[in-house]
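Visitor: Listed below are the residues making up each chain.
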Amino acid sequence: MSVRILTPAAFIFVLLSAPAVAGSDPAIPPQTAFVLNTFLFLVMGALVMWMAAGFTMLEAGMVRSKNVATICTKNIALYSIAGLMYWLVGYNLMYDGVSGGYFGSLTWFTYPDEAALKTAEDYGSYAAASDWFFQMVFVATAASIVSGTLAERIKLWPLLIFVLVFTGFIYPITGAWKWGAGWLEVAGFLDFAGSTLVHSVGGWAALSGAVILGARYGKYNSKGQVNPLPGSSLPLATLGTFVLWLGWFGFNGGSQLALASFTDASAIARIFANTNTAAAAGVVTAMVMTQLMYKKVDLTMALNGALAGLVSITAEPLTPSIGMAALIGAIGGVIVVFAVPLLDKFKIDDVVGAIPVHLFAGIWGTLAVPLTNPAGNFITQLTGIIAIGAFVTIVSSILWLVLKFTVGIRVSREDEDKGLDQAELGLEAYPEFGVGSQRM
Amino acid sequence: MSVRILTPAAFIFVLLSAPAVAGSDPAIPPQTAFVLNTFLFLVMGALVMWMAAGFTMLEAGMVRSKNVATICTKNIALYSIAGLMYWLVGYNLMYDGVSGGYFGSLTWFTYPDEAALKTAEDYGSYAAASDWFFQMVFVATAASIVSGTLAERIKLWPLLIFVLVFTGFIYPITGAWKWGAGWLEVAGFLDFAGSTLVHSVGGWAALSGAVILGARYGKYNSKGQVNPLPGSSLPLATLGTFVLWLGWFGFNGGSQLALASFTDASAIARIFANTNTAAAAGVVTAMVMTQLMYKKVDLTMALNGALAGLVSITAEPLTPSIGMAALIGAIGGVIVVFAVPLLDKFKIDDVVGAIPVHLFAGIWGTLAVPLTNPAGNFITQLTGIIAIGAFVTIVSSILWLVLKFTVGIRVSREDEDKGLDQAELGLEAYPEFGVGSQRM
Amino acid sequence: MSVRILTPAAFIFVLLSAPAVAGSDPAIPPQTAFVLNTFLFLVMGALVMWMAAGFTMLEAGMVRSKNVATICTKNIALYSIAGLMYWLVGYNLMYDGVSGGYFGSLTWFTYPDEAALKTAEDYGSYAAASDWFFQMVFVATAASIVSGTLAERIKLWPLLIFVLVFTGFIYPITGAWKWGAGWLEVAGFLDFAGSTLVHSVGGWAALSGAVILGARYGKYNSKGQVNPLPGSSLPLATLGTFVLWLGWFGFNGGSQLALASFTDASAIARIFANTNTAAAAGVVTAMVMTQLMYKKVDLTMALNGALAGLVSITAEPLTPSIGMAALIGAIGGVIVVFAVPLLDKFKIDDVVGAIPVHLFAGIWGTLAVPLTNPAGNFITQLTGIIAIGAFVTIVSSILWLVLKFTVGIRVSREDEDKGLDQAELGLEAYPEFGVGSQRM
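Residue numbers (the numbering used here), protein chains in the order written: chain A, 1 to 440; chain B, 1 to 440; chain C, 1 to 440.
You may find that some hints are simply not true.
[Claimed, not checked] Selected chain A positions facing chain B (Cβ under 7 Å, derived; list incomplete): (1) LEU246; (2) ARG270; (3) TRP364; (4) LEU367.
Keep in mind the hints are simulated off the structure, nothing from the lab. A virtual CB, placed ideally from N, CA and C, is assigned to each residue, including glycine.
Using the sequences and the hints, build the whole thing.
Guide: Right, here's the structure in full:
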């Protein structure tokens with residue numbers, strides 16, 4: 001807000017009429033707006049942080065009991081590494097001085113010097129640390145996708161080295177292209193909360209890893225048949241899905257990046273409603289389809305239907321009507337039901353179904369933006385999807401291959417059989433139940 | 001806020017003195033108030049959404065392992081169906097043009113045309129979508145109550161058909177009577193956050209279902225003795241209770257419907273404190289009573305004591321002193337301890353104790369309103385309880401009976417024995433533990 | 001805000017320039033500030049309440065299956081008792097009229113008479129009930145620490161009697177010394193969110209209890225070797241850790257006690273970022289150290305590393321740079337890795353590692369304050385740590401001893417062997433799994 005000199009009468013006119021004009025400048029004073037926007041980032045960011053627990057529970061429920069402690073370890077470790085790397089490298093690489101280019105600066109994030117902040121303009125529209133926090137939890141989300149796909153056979157430390165590079169460099173670079181105001185932003189690519197920038201980026205990294213790592217022993221037999229290897233705890237997987245659903249309100253809602261106006265608050269409200277509706281439609285669609293196709297409802301498909309609905313609406317949760325949000329989410333549910341068996345045909349072993357959910361539904365959501373947002377353009381959306389997909393796949397594949405031929409990425413056959421908990425951690429997730437109880 | 005023409009001096013007087021007069025009009029300007037009220041709905045609504053996970057965990061912990069995946073499926077499905085039906089039918093049926101009558105319009109909810117919103121008055125005091133979101137999560141809560149009572153023997157799809165009608169029509173109609181400004185509102189019936197409108201409505205639907213569906217095989221023997229059939233995971237049931245407790249702050253706090261004034265913010269603070277105190281008193285009372293009556297503390301009674309305390313305070317969480325809140329919650333705890341064995345006497349099989357918690361404590365809470373709120377009237381409260389109870393019971397019973405004599409509502413004896421997870425979903429919640437491990 | 005008489009021109013100058021001066025008085029008007037500060041307390045307090053679920057899941061996962069239902073019972077009971085005692089005694093004992101002394105008044109907390117609140121100054125800067133709520137959830141946190149250490153052998157009711165005295169008297173008295181503006185506040189002791197006042201206080205009470213209660217049978221053999229007695233569910237322990245991590249944003253962020261200014265909102269943002277970074281550093285440090293020391297990563301150490309990082313940063317989450325926050329948290333992680341075996345050397349049996357996490361890292365965090373906060377003083381910090389440690393240890397020890405020699409605090413050897421769930425509650429947490437399934 002620039003400080004303008006007004007006659008008293010003119011000033012009063014502005015003051016009385018201002019709140020009546022939606023979104024007009026003088027309406028909410030800078031300090032109040034700063035507080036509201038900052039609080040939005042913190043509360044919504046806390047919800048997104050909570051998604052780390054959601055991925056952990058989802059994955060812990062979807063793996064066999066002999067690998068549960070390891071997947072828990074990987075998830076708390078990757079969230080931690082993401083937080084440290086995004087401070088040390090990622091944030092400034094993604095946001096600092098990209099200006100139409102390909103990446104920002106190789107410096108670490110520091111807090112602004114509060115003593116030097118004198119005016120409202122110095123402060124800006126939100127606290128710098130609140131934006132860092134909100135963006136940091138996003139990169140952790142993307143990293144979580146990788147651990148789910150590659151569960152039950154990847155070594156702990158090599159995965160964490162991948163996460164370190166992924167959260168410090170790969171995600172921030174493609175992030176810079178759009179959210180850092182890089183070349184894709186200039187080109188008009190639209191991705192509101194990250195169907196591509198978060199979910200597909202995680203999905204491509206997971207896909208390249210799954211191809212290079214190979215399937216779990218016993219998942220596919222020589223005749224091409226699929227052996228389901230059911231997860232150890234469906235209630236934990238369900239809990240994880242609900243946690244992710246809750247966290248997604250923060251993920252999409254906070255991506256409005258501001259709260260302090262009629263327009264922003266209304267937008268966030270629509271985003272909440274659309275996000276919920278897309279997820280609900282994904283669940284119902286996946287349930288009805290599995291009932292029709294297999295004569296049984298599949299709970300894991302219902303859960304992945306919810307997540308696919310959520311990923312689908314993430315590229316544009318604001319402009320759709322609530323009905324269009326339902327449609328976009330429903331198609332996400334359809335994608336999951338068809339894509340899970342499709343991956344199996346190619347013997348790509350994705351333990352939790354993360355590739356259909358995050359990559360395929362992410363592509364769908366990104367392509368769907370122009371359906372409701374007139375600023376969107378199908379060709380530009382496709383350009384962004386392909387450019388980001390190519391970059392992430394190539395860099396991730398190189399990294400996976402380097403890891404494979406140096407430290408190795410896969411546990412031995414024996415370790416895979418006895419489970420990663422015994423092999424990698426020397427303990428058991430459930431020592432008194434399941435596999436554990438047989439040893440008592 | 002109407003735009004008044006003031007002399008500069010008068011205006012300045014208003015501006016300087018206004019904030020000092022609590023709740024006076026000019027205090028918080030419209031745009032700031034709109035943002036605050038909208039944000040209240042979204043944050044509190046997210047907490048209520050989280051209750052869906054709470055019900056899921058509570059119910060997953062209270063059923064036997066052979067039915068856990070099915071109860072998870074039912075819960076994520078009913079939350080999704082509630083969200084879709086409340087958009088397609090429920091919201092406008094409950095709120096649109098009821099004006100003293102019995103129901104609103106049979107139209108679906110749409111977002112306001114933002115382009116047409118020009119003035120602060122057009123916007124109103126909160127975003128339309130934020131209110132929709134907040135009310136939507138309430139209807140899901142009511143539906144969750146039904147699934148808990150009827151667990152372990154009801155078929156999946158018939159339950160979901162019931163949920164579809166319940167969330168689209170039954171709940172919205174009784175909701176319209178009070179919150180939609182219908183005849184009960186005109187009559188002076190008081191129900192702040194829904195002891196009756198949410199919890200008893202769910203409870204009546206559950207009770208009519210339980211009677212028509214019958215008890216689980218093996219629950220009652222021919223001599224009238226009760227076989228407890230303990231739940232598979234008390235930590236998950238405890239987790240669910242904590243989730244519900246947390247969500248209840250949103251449930252009761254958000255029901256103030258506004259945040260942006262001294263009065264509203266103070267009210268929400270009291271509501272939080274009273275809500276917590278009632279739940280705490282419910283826990284302690286249930287624990288002390290089970291210790292005195294049975295010489296052992298019963299964890300499931302403690303959990304249900306918390307929930308009964310919460311339901312009891314829900315009809316009036318604002319006017320009680322903190323001491324009265326404790327008393328109201330404590331009586332909720334007493335009700336649960338006596339009502340659970342009472343239902344067993346009538347061979348009404350309520351798997352999770354939802355009828356004592358939501359129906360009986362809901363009635364108590366509704367009757368208790370006049371104790372602390374001078375605007376309340378015992379006869380009017382009773383009228384509302386009876387009218388809503390009669391309507392929900394009659395309509396629900398008809399619906400249950402129609403379902404029973406068409407598609408059927410109960411699984412076969414064999415399916416009940418082997419568990420709904422095997423029968424209805426063809427999978428297992430815990431394939432390596434319990435029942436599952438015996439098949440390995 | 002005092003009502004000053006200004007000429008129109010002067011007034012306009014104030015209004016236009018005010019928001020530009022960070023933190024200056026007129027910037028956010030009293031009613032808006034009241035609403036924002038109150039909402040901060042409620043939202044952050046809800047996150048802290050959620051930590052009760054976190055402790056419950058952490059402890060339920062860390063005990064053996066035969067004691068899981070009892071630990072759940074203890075946790076929901078202690079949260080409830082804390083809430084009631086803090087209303088009946090604790091809050092006013094901690095805050096009402098301490099003024100440089102040792103404790104406040106022995107009166108219970110009541111809501112202010114809203115009808116008597118006429119001016120903004122009457123209301124103050126936040127709703128009284130919101131502050132009560134926020135402080136109440138803190139005392140519950142401290143009590144949770146005790147139940148974890150003493151699990152698997154302490155009797156239910158004697159523990160709850162201890163909790164009653166602890167939450168009503170012990171915690172509030174030491175709290176009064178600093179946060180109630182007592183003698184330690186006057187002396188210049190610094191403890192932003194309670195590394196000492198909450199975590200060490202809980203830790204000292206747990207330590208004195210552990211010494212007096214003795215170790216579990218079978219934990220240490222006659223040769224001084226340690227038998228690990230692994231917990232029943234590492235995914236639940238992981239979930240609990242994530243819940244605590246999330247809740248800690250409320251714990252530290254809400255302790256800023258105000259939101260409504262540039263300074264406050266910026267401070268809370270830094271607190272969120274520092275809190276997350278310290279936890280992340282604690283995880284990574286604990287993982288790397290266990291890998292180096294034991295050639296295996298230990299998940300429970302990683303979880304406790306997160307918690308130790310969180311406790312460490314709690315005494316001063318605002319003044320550190322993000323790098324210093326990482327260092328402070330990392331040292332917390334180091335402390336845990338060394339302290340857990342150290343306690344075992346002294347045969348102090350701490351089931352969940354709460355003493356290293358909450359007491360030792362709490363001391364470290366309190367001593368670290370002067371490193372980044374120039375207002376801090378090492379000697380004063382040490383004085384506070386010792387004074388509080390001495391008071392809590394002496395009073396707790398007397399109380400444990402009185403309980404030991406009257407009602408007894410330890411279950412019989414037979415009860416400990418068959419598990420507290422059978423002995424104390426007459427039920428099982430997992431009747432179909434583990435120990436339970438062997439009885440089927």
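Visitor: Should the hint that A:LEU367 touches chain B count as held when the rule is a Cβ pair under 7 Å?
Guide: violated (23 Å)
Visitor: Does A:TRP364 meet its interface restraint, that is, does its C-beta lie within less than 7 Å of any C-beta in chain B?
Guide: Status violated, d = 19 Å.
Visitor: Would the hint on A:LEU246 be counted as holding, given a Cβ-Cβ threshold of 7 Å to chain B?
Guide: holds (5 Å)
Visitor: Hey, does the A:ARG270 contact hint survive, CB to chain B under 7 Å?
Guide: holds (5 Å)
Hint compliance for this structure: hints 3 and 4 are broken, all remaining hints hold.
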